[in-house]
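Peer 1: Fit chain Y to the supplied structure of chain F, relying on the hints for placement.
In the order they appear, the protein sequences are chains F and Y.
1 is the number of the first residue of the first sequence in this note's numbering; add one for each residue after it.
1 is the number of the first residue of the second sequence in this note's numbering; add one for each residue after it.
These are computed hints drawn from the structure, not numbers from a lab.
Wrong hints could be hidden among the right ones.
Same chains, same label: a pair holds when it works inside one copy or across any pair of copies.
Unchecked claim - Derived DSSO-like pairs (lysine-lysine); straight-line CA-CA distance at most 30 Å:
id, residue 1, residue 2
1, K131, K180
2, K131, K113
3, K225, K170
4, K180, K113
5, K44, K180
6, K44, K113
7, K140, K180
8, K140, K225
There are 2 protein chains.
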Amino acid sequence: MTGFEVTFLGTGTSVGVPVIGCGCETCRSEDPRDRRLRSSILVKTPQLCLLVDSGPDLRQQCLREGITTLDGVLITHPHADHVMGFDDLRRFTPGKDDRLRVFASTPCLDALKRMFFYMFNNANRFPGYFKPEPHVLEEKLGIGDLEITPIAVEHGNVECAGFLFRHEEKPVFAYLPDCKRIPRAGMEALAGVGCLVIDALRPRPHPTHMSIDEALAVAAELAPKQTWLTHVSHEVLHSREQDSLPDGVDIAYDGLQLML
Amino acid sequence: MTGFEVTFLGTGTSVGVPVIGCGCETCRSEDPRDRRLRSSILVKTPQLCLLVDSGPDLRQQCLREGITTLDGVLITHPHADHVMGFDDLRRFTPGKDDRLRVFASTPCLDALKRMFFYMFNNANRFPGYFKPEPHVLEEKLGIGDLEITPIAVEHGNVECAGFLFRHEEKPVFAYLPDCKRIPRAGMEALAGVGCLVIDALRPRPHPTHMSIDEALAVAAELAPKQTWLTHVSHEVLHSREQDSLPDGVDIAYDGLQLML
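Chain F with its partners taken away, still in its complex shape:
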């Protein structure tokens, strides 16, 4: 253990599980592992508390996990299920001059500036407004006791990143919640990662997300000690799908905590 902790705030796909208006077995399931808020994690080290993605469930997730301070936010890409709670980050900049660092690629920061223009235009400076401090994250960057490497992945027509976290010089953890394919450079950067969290939407293929089999192929190649599947749709009933996975691969669930 290196003092690197992860909490899964959400492990669901864009519409969450249960899905509004759906009566399928998973959406009716009473297994708490089948209740999936939109995908997001909290990363904690002795020096830092970082959020990855700020989806529409952010307030619920912060209340559930008792999150009251953050040192920064990483955004993988600006799709709705990853950013629509961005305004709720105002609770983490309560004072007049407080700012919260937001780390993302230039196109992702540009999208945030378009969607949440009122936070970035230096107008409307009411005390309660969220004051983001944008930082471009396109190459590896030291933040506190972490070194974070963005991993460019294919995910439809949006530029999208996963993140590799090095702590105490070890590649402890990687989080790639939305991807269809990891280009060769990304696979090389991920070599030796200890714990991998990866998009595995459902058993059957999807044009912009990995299927479970596609995620398993990545896990087999990288061979981390442990792989967790995330960004999971209602086509996955936890108790049933879990049984068919190889050793060292499990389906993540909301509230899961890892001590790495």
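Peer 2: Quick look at chain Y alone, frame taken from chain F:
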């Protein structure tokens, strides 16, 4: 009773109650009336089911109330607490050619088009994407068995509307969740309204929202049969504040249903 029904999906202010990181009496309260999602209502008549505002809690609210179909959405103004669940409306246009009518002022529709550009640009037409059909609502409009009149109100520097609903030719209901002042023309349009729902953020004044006293003054002038206070902050403990209100005025709460 005219067959006009209202369900309060949320009655809270922009950050909801409890507030992230707050340990005040209201935020610690176990009274369910003190747990307030962001303000939104559902209006039902024999012919229609309309949502007013689509805040970040929309998915939770639809699941809680079992909402599976909508005939349209009205938006009061494009602040985050009223629109950040807009993407979750995709569940109400599941088919390839389904569209959902969105009624708002021109500046509000423009803001939605800027924030949610991918829904309006005719690109990215995956089956699951929300397909809004924008309609300008700046004068009274017949929708099914309703006549809806937008009421322009003062609310900081954003153009903001409340809505008056006429059903069977009677001014049954008005909903004004965000306002600091209702101009004279609006007060005249609201004359004779049967049930008023109005912004009443907290006891002490706020620059862009009515205090409880300011809301009571509007209720006294319009003299509806019943007034409900909404968009309520954690400075209002339901059980305590309710006791000081005059007859015919009550604090709304999440899940409250009215049959008018």
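Peer 1: Hint by hint, work out which the structure violates, then give me just those numbers in ascending order.
Peer 2: none
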